[in-house]
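**Q** The listed protein sequences correspond, in order, to chains A and B.
Reminder that position 106 of the first sequence reads as 106 in the working numbering, one-by-one numbering, no gaps.
Reminder that position 313 of the second sequence reads as 1313 in the working numbering, one-by-one numbering, no gaps.
Simulated from the structure, these hints should not be mistaken for laboratory data.
Just so you know, nobody snuck in bad clues.
In silico SDA-like pairs for lysine to any residue, Cα to Cα no more than 20 Å straight-line:
1. K1132/B to S351/A
2. K1301/B to N375/A
3. K1293/B to S332/A
4. K1296/B to E304/A
5. K1407/B to S359/A
6. K336/A to K1296/B
7. K350/A to E304/A
8. K1132/B to S313/A
9. K1216/B to I377/A
10. K1216/B to A381/A
11. K1301/B to G341/A
Source: prediction; values computed, not measured.
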Amino acid sequence: MTALLEMRSITKEFPGVKALDTVNLAVKQGEIHALVGENGAGKSTLMKVLSGVYPAGTYDGEIHYDGALAEFANIAESEARGIIIIHQELALVPLLSIAENLFLGNERAIGGIIDWRQTNQRTESLLRKVGLSEPPSTMVDKLGVGKQQLVEIAKALSKEVRLLILDEPTAALSESDSQALLDLMLELKTRGVTQIIISHKLNEVRRVADTVTVIRDGTTVSTMDAETDEITEDRIVRDMVGRDMADRYPERDRRAGGMLMEVRNWNVWHPLHTERQVINDISLTVRAGEVVGIAGLMGAGRTELAMSIFGRSYGRNISGSIEMRGRAVDVSSVSKAIDAGLAYVTEDRKSLGLILEESIQRNITLANLKDVSRNAILNEAKETRVAQDYRKALNIRSPGVFQKVMNLSGGNQQKVVLSKWLFAHPEVLILDEPTRGIDVGAKFEIYGIINDLSAQDKGVVMISSEMPELLGMCDRIYVMNEGTFVGELTAQEASQERIMSLIVTE
Amino acid sequence: MEFAEHGAEAPKRLGIGEYLVRHLREYGLLFALITIMVFFQIVTNGTLLKPVNVTNLLLQNSYIIIMALGMLIVIVSGNIDLSVGSVMGFVGALAAVMIVEWEQSIAVTVVTCLVAGGLIGAAQGYWIAYWKIPSFIVTLAGMLVFRGLSLWLLEGQSLGPFPREFQMIANGFVPDIFPSGLSQGVADLLGARRVNMLSLSTGLVAAGLITWMGMKSRAQNRAYGMDLEPLAFFYARIGITSLALIFIFYKLSTFRGLPNVLLTMGVLAIIYAFFTERTVMGRRIYALGGNEKAAKLSGIKTERLTFLAFANMGVLAAVAGMVFAARLNSATPKAGFALELDVIAAVFIGGASMSGGVGKIVGAVVGAFLMGVLNNGMSIMGIGIDYQQVIKGLVLLAAVIFDVYNKSKQA
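Turn these sequences into a full structure, and let the hints guide you.
**A** Listed below in structure tokens is the structure:
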């Protein structure tokens, strides 16, 4: 096979930082090439160089595409040659229809007047190619994230794509949607579309990739070929972090002390569609030092359960009781829930967890300003000390505690959110997808923090879509489906198969 | 060095250029104010900084500054209040009716007016905070309603005059508590006709405080490894601010001394600066404006904060309304017309962000002064109201463009 794309000795410098240092990447015609590396390793920068976001001349090195030297001045030029990137944050307009989105900026029109018949026909045939059966007039905001992702791919197909780049396409997808997407990638491969996938999920990489390139600290560390080398997750992880990670889930003494939190007969209705019951008669217990998992597919109601418990932040007509250490507590508002000893670390750190414009320090103390103030007047010296202690304890990588959290990487942002809730000194922490979108190294550190909490006899409730993570970390796992618990497994009993079969058979 | 073990990272020494780029906004504002003052001082042949004009400048802008304090909080919380001009006019009218027609005492009138302002703000805040009606709509309605109500209250006429005591709110001066012999002595020494010692010493004390606080916060910044302002800049900034303060207060002292309004304004500005920067509630307002959902999930009662921000704005509009009426010595149905725009402009020129979460009291005050000096300077020059509006509009646009540009460059 010949190479469709060859990036040779790419070096890209920003003021003060060398983001890429003589990176080489060769992508063969018709293959799926996985690009893996920790957050901040330089994957996105490399793709921006390729697509012309950083125009030719602002970097050193050469790009050979389709047998010729390519010097793209902007994205339009690279798209014209069939290079299309689908970003992690989808670029669809939610209040337009699928058809309008597909041909946005590329409208099927005659003399400026849109030809709806042609638009809809072409949309239908494109949607069939990606396995969607929705009518072209469906509003994009009515689609789930998984289907939106497919619409993005359909949009790429409408532009005669030759090299499709997917940046963490499954980060926000459920297990089944992810599988569908990976199948589609394999399907596109048979039709000759060369693809680059950036992903943190190594099992997916192993499933679809023909070649894996690992990038670390702005340089190419290794390239593995599925035909000649044996690609194992351990090997990828080792190359990514530059060290052996003997155990991806750090050991802890499994322990379960006295009863810490008991939720009984919890019922929640949808905030808008009041006739719809979102949570149906759920009871849940957490013991001191215990890590309890909640497994389930996306849409099972896990986040809704957590947020309704945490100060009724979701839903209406909430009924049920909560006891902390055997005493009934009032959790009818967030501040009361915090006082009762609860903390909720959101799955959506950017829009629900952080004040992006503010500093690390101000984010860390936000939920517990009481402890850094006297008579409602802030003690900034104390506040800084607190923030610096957490920065050190959780290894938040930043020049100091006064940086805006906007400028931090995903993993470090997650550590800031965790710091905020650790400083609120809760008894029970509910962690909603605590490792989503963060790299292997930061994940390991967050698992360590969870173990420390357990060692301090705190209770942890962990919601996660990554089953290996639940299996690796939890003492007990509740399996949730369609708003109710369909099973409860101890660490010894639990396996991916048993969890899936509980979800499927109920 | 009690902070030594925590100040793990060494203070970063930035080059002057790099520091300037990062803090362009703060210096830019101060620099713009100074440039404009120097410019008008020259083109008006020194009229701008004559003692009588300095006094006038402060009196003319006092009500805008008072309202800018509340507006800053409203804007930081992620909202806007378009009704303040009308509310101010309405409260002025209420004061006139109470004093002139109903012959109420000044004390009763002042208290009633403040309560009325608070209630008006609370009524608007209620819909904004608890019903989630956009503040733009609610206060646009309020702007029309209270403009109408002041017309109704005054039956379309101007109402005045006020008793002398009420006028003193705006036009009075704080009596000099120093013996007149001392004042005369200092006056002779400085070669001035007279010197109000209270005013002069207030200026000296203010300059001293600013220097002391600057030193203190610099020491703290050093201890915690924040970006350290280059020493030359630090001294220049502190020096210029202190000298400017002493200069302004000296000018005031050679006229009639310390205006009552300046005292009110100064005390309010200090209280609000302290409130926004150093209190738990102030911090929470920034969080609310920065990301309402995240603030709410951190246990902050966001509705109540929004409600209080508007109630507070109403009270300050009432203060401004009384100052304005007292200054004109009558209440007119037109009082405060379009003034909300000056107030909002001052806050944005001062660096606040339209989307909330960003802005400082000092910025709003300097922004208001900048607009005030522009107004005053152009009036002295005899520039028509037509050009004045155009220039003010362009200054506002330039300030915001500068902000956006600056931000995009940092990202």
